[in-house]
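Residue numbers (the UniProt record's numbering), protein chains in the order written: chain A, 1 to 366; chain B, 1 to 1065.
Heads up, a few of these hints could be off.
[Claimed, not checked] Below, in silico cross-link-like pairs of lysine-lysine (DSS-like), each with a Cα-Cα straight-line distance of 25 Å or less:
| # | chain 1 | residue 1 | chain 2 | residue 2 |
| --- | --- | --- | --- | --- |
| 1 | B | 475 | A | 280 |
| 2 | B | 341 | A | 123 |
| 3 | A | 295 | B | 341 |
| 4 | B | 945 | B | 915 |
| 5 | A | 3 | B | 945 |
| 6 | B | 945 | A | 119 |
| 7 | B | 945 | A | 190 |
| 8 | A | 119 | B | 467 |
| 9 | A | 280 | B | 976 |
| 10 | B | 467 | A | 265 |
| 11 | B | 224 | A | 3 |
| 12 | A | 263 | B | 341 |
| 13 | B | 487 | A | 116 |
| 14 | A | 3 | B | 341 |
| 15 | A | 116 | B | 270 |
| 16 | B | 270 | A | 280 |
FYI, nobody ran anything at the bench for these hints, they're computed from the structure. What you are looking at is a predicted structure, and each value in this text was computed from that prediction instead of being measured.
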Amino acid sequence: MNKKQLVLEDGTVLNGEGFGSDRMMVGEIVFNTGMTGYQEIITDPSYCGQIVTMTYPLAGNYGINRDDFETVHPFIHGFIVKETCEIPSNFRSEESLDSYLKAHDIPGVYGIDTRKLTKIIRKHGTMKAIIADQSEDVETLLEKLHRQKLPTDQVPKTSTIKPYVVPGRGRRIVLVDFGMKHGILRELTKRNCHIIVVPYNYSAENILRLKPDGIMLTNGPGDPKDVPEAINMIAELIGKVPIFGICLGHQLLALACGADTEKMKFGHRGSNHPVKDLDKERTYITSQNHSYAVKEASLTNTDLQLTQIALNDGTVEGVKHKHYAAFSVQYHPESSPGPDDTNHLFDQFLELIDEAQRKNKEEAYA
Amino acid sequence: MPKNTDIQKILVIGSGPIVIGQAAEFDYSGTQACQSLKEEGYTVILANSNPATIMTDHTVADKVYMEPLTVEFLTKIIRKEQPDALLPTLGGQTALNLAVALEETGILKAYGVTLLGTSLNAIQQAEDREKFRSLMKELGEPVPDSMIVNTVEQACEFAIEIGFPLIVRPAYTMGGAGGGMCYDMKELKETARSGLTLSPVNQCLIEKNIAGYKEIEYEVMRDKNDQAIVVCNMENVDPVGIHTGDSIVVAPSQTLSDREYQMLRNASLKIIRALEIEGGCNVQLALDPNSFDYFIIEVNPRVSRSSALASKATGYPIAKVAAKIAIGLTLDEIVNPVTGKTYACFEPALDYVVTKIPRFPFDKFVTGDRKLGTQMKATGEIMSIGRNFEESLLKGIRSLDIGTEELWLSSLTKENNEFLISSLKKANDERIFVLAEVLRRGMTIDEVFEHTKIDRFFLVKLAGLIKLEQEIENKPESIELLERAKKLGFSDSHIARLWNLSVDDIYQLRSDAGLRPVYKMVDTCAAEFESETPYFYSTYEEENESIVSPRKKILVLGSGPIRIGQGIEFDYATVHSVLAIKEMGYEAIIMNNNPETVSTDFSISDKLYFEPLTLEDVMHVIDLEQPEGVIVQFGGQTAINLAAGLERRGVKILGTNLEAIDRAEDRDKFEILLDELDLLRPKGKAVKKMDQALDVANEIGYPVLVRPSYVIGGSRMEIVYNEDELKAYLAKTTNMNTEHPILVDKYITGIEIEVDAISDGETTIVPGIMEHIERAGVHSGDSIAVYPPQRISETVKAKCMKAAELISEALHVKGLINIQFIVRNDEVYVLEVNPRASRTIPFLSKITGVTMANIATKCILGTRLRDIGYKTGILPENDYVAVKVPVFSFEKLRSVDTILGPEMKSTGEAIGYDKTLEKALYKGLIASGLSIPQEGAVLLTVADKDKEEMLEIAERFHQLGFQLYATKGTATYVKKAGLPVSEVAKIGADEPNVLSIIENGDVQFVINTLTSGKQPRSDGFIIRRESVEHGIACLTNMDTANAILNVIDSTTFSATEIKQKEVVL
């Protein structure tokens, strides 16, 4: 057992026991309220650079399996739980949470009053935090924390460097990878799409040369304003090919249309977020993970229409272009983890593509 | 979507008397629903025959009808009230079945009554086995191989096809009544027969056994906009095969990955959508532990026991929201009352582990069949909350109030391994303790898994607890281990046992080390949003969230899980006490652990601590809250038993003091008290040694009433008629706890009278006197009580009043006191005094209009009765008659003898009130589930001592046109008196015999009395059980039989010839 401490930027010190990697790590502390899905959360690239605490006190109960990864190499900076299960029990379990985190050099701390931690984050907002041995001097750690700037390069870190193809016989989709969750890919392959994954900084011209039927903008970590090149790229694509954005992709689409984004106090992370679809007048339970959001007021002078809002706090959760085939949602219709109540959005995207192609044909014959 | 404004008046049907499988949870959900409807401005008409509920309080609905829940009476109510709508989904299976029946009669259509909530079609699709299966097929949702049968033969044929074991599930029954797992043809025949009888549509499902699968439940909600959510999912610790009501259940699921969780969530939502349910629904699924294969086991298209549990487990008030959905509101516009900021359309996130443990009645029904299966046997349950599974489980164990505060039963330590293994394979009520015991003896997790198929996750946790226990044992007074133990939920008394120290020593060690719990809030959202729910649980962590207010506080202790003898009545009194405390301007804090009840609804008190009721746990709350004092007199024996320990630790017990309780319960002191007051009592003595009992009995003469002192509900009380019986009783009792002596009393036959009084020490008022139909000897909780008394004189009433006054004054009673008397030849003998709330408080409060627990609480807090306008005396009697009729759950409890005696057996009660005793009795009996046929036949088989009395009854049945059947001895006696009687052969003889005529429904009543002593497998026992299994009234008491005869007499016309009179000219 090695005694660990989690020191927050505001000076709070929480003591626990270490598991996973033994190394010292700085990150932005956030909480997720999902009661299942730790494997997907740990491997969700959107958490790049963040230390995640789970509000559900038990983690690792069903181990780590070979199927439920959202990326090959996790980018999370730390994992904080109340309790970690040493002997998991599930037919798919390959190893324990502890051994997985060790293998990927991610530090974890258990034995922490995670409810207290969550309340601190709720009250003071997300902040920097450091995982270190209890023997380390708190003052020194705090100094280190204050000195350290939060990174702005998470998208380049998590995006693919080179384009690659996931072949299929269906519609041809270019997937712009800003730190993609495999879930998105899974939903497209399930629908038999031919997918070309391209890096975040691929140019609009190059994308169009691939002759896509549709373009998907994936989720990703950090502040959308950290990737201005993507914003420009998207601005050039709007109106040319149907676009569907998820999470960071949604924020980038909004920015490309002239709207603005802002950082939220502590964001939305969990599997139980109600979102109201304003067109359908129906509320869906969604899986969410975002620190930033599109400012509702900033939509006024753009071509974007507000389509979905978070039921509880009114956050912008979805927009669509008033004139062109482009829409996006802030949450994760691909779920994993969380409910797939909004899985139909992928079908909706494909329908949008078909409709656009019909229109094109009609125009061509006209 | 705005609420429905076409309707103004809504009829809500409650669930009626409490039986196993349908208990206090419907008081909680029904109360919530009625309040929720009133909140929206509707006029609520309530029909429920259960007087022991908060739901039937006049404040809950605009009009309350405590009438029998039958089509006949509901039709009358509908005609009279002409409601616009009917809401049947909050009153359990009873209300659902009634809605179906009412629809069939056409009354709903005739009066334009809209059915709210889920449609009847949906109900039928979920409940009817065949329709359900075809719907599942349509949806592509898997169901286990099964066949619907209407005859035993069909069942057997199918069994040959699919093999054993298999499960029998009767249609339209609750709590799995009549069903069960069958391992061979004989069991199948038996179970299928009883299942077909109990199913109102004579239909059973024979289902392939999927034992070993994980049993998972989802509580889902849907509104008319097709928005659907999961409130909570739960995992049974035991795999499929044990009724979920009898299983230890945890929430949320512990061993499901997100994919499995979402897969089952999707299936559940798909089903609720397909059924178009508007409201709550419970879906039970079986998941293969080795693949993604799953089956839908069952769907309950209504709020249920599980939904009450889910509400308490998450904080999400399912019934309240379901009621709002029923009147047309949608989830996205109903505010989540917990946060007050967010909406009901979300899925609660838990940041703790909830454990539910069933409470079984086998401490009372020692001869009952304790094996667990698909038929529910638990009478109640507890819920506990912790920040890890171990803490949650261990807190749950000590919430059970079964005499152990740890995973250890001394009785099991004496059992051999073979016995333990066999009870691992076939689970019984002590399952969790058996698991602990085998792990303690070194059985490996794999071995335990082989025998039980319980998921290794849970077994590893249990093994960890046992390992820690052993470490603790080997390292006395280690603070480090103490800390680890407390974090995992160990009780002080457990550690005290391991270290051979006293509980107070451990408390001291802990205090010195600063080891005390903090309290966390239940807020539905895992702290994501700020909440102000005053709903807390303890855990050993850093931050305490329970902010102590500067107000003066009173702590009320609840009564824990519902068990025989300590039922919902105590929760009723507790709730009223809490409300009175609030009225008096104090902060009312409640501690309780029963998820089914109204008292644990966080909106009742100012603060709710959902905690075990042990000295340790109560002291922690007191240490934090520093209340003015603690009220124990409403929480039954559970709370009373804590009083001494609390006082020892310097806590002020409010109301009647401990010394008074002791004077009433300690036999010697009680005798002195009565002598001082010059009150009569049956002769008797308390003895500590067995042989003294024989001497005392000889001295006062048989029959004698024997019982241990300090017991609930007449536990182990018996009437013995001779020395042999007494010896047999004592032999059974030797291994009992001998701390409390045995009482031997002269058994006096007479009219039993019960008085509940409120006193402030100076003024004593008796809102009403009750008389029992059955003579003394039948436990007061099992007798039919009548108000006002019909057979006693004003003089006797005055004597009772005087006694109540004297005793209350002498004991300085502040609050409630219950006194039982026997009246013989106009003399009043004091039988028993309980200076606390009794189970008749709700009944009396309702029929007299005096909210007794409220006034009593005010007395406890210093109000003088004189100042609020009361004078010592009996309050004026009403001009109508009310009866309280006990309700039993015998059909759920195999091998339990149904004979009534001094030991309480009923699980609930029904009320009947009307202008005359006969009418009230008729209603009460009907409400209790008895049918009162006007014609037919009666089987008489009574003990010699009762033959003379029986003759009178036989004569009356004959006069009313009933045919008489009797066993040999009885028949001879009846024949001698010149009455026509058919003699039937005894058990085992060629048919027709005494059993076959019951089985074939040839008789409508069976009158059977106990021969001698308690032979569990006597012929009488078999006859009584046979009647129960076939739903035929078996009367074991002559007084009950006479009362029923009076009812039949008053509702039928007999053919009487004109007497020839000699005309004198």
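Against the structure, the hints:
no. : hint          : verdict
1   : 475/B x 280/A : 65 Å, violated
2   : 341/B x 123/A : 16 Å, holds
3   : 295/A x 341/B : 21 Å, holds
4   : 945/B x 915/B : 35 Å, violated
5   : 3/A x 945/B   : 77 Å, violated
6   : 945/B x 119/A : 72 Å, violated
7   : 945/B x 190/A : 81 Å, violated
8   : 119/A x 467/B : 34 Å, violated
9   : 280/A x 976/B : 83 Å, violated
10  : 467/B x 265/A : 44 Å, violated
11  : 224/B x 3/A   : 53 Å, violated
12  : 263/A x 341/B : 22 Å, holds
13  : 487/B x 116/A : 16 Å, holds
14  : 3/A x 341/B   : 39 Å, violated
15  : 116/A x 270/B : 37 Å, violated
16  : 270/B x 280/A : 19 Å, holds
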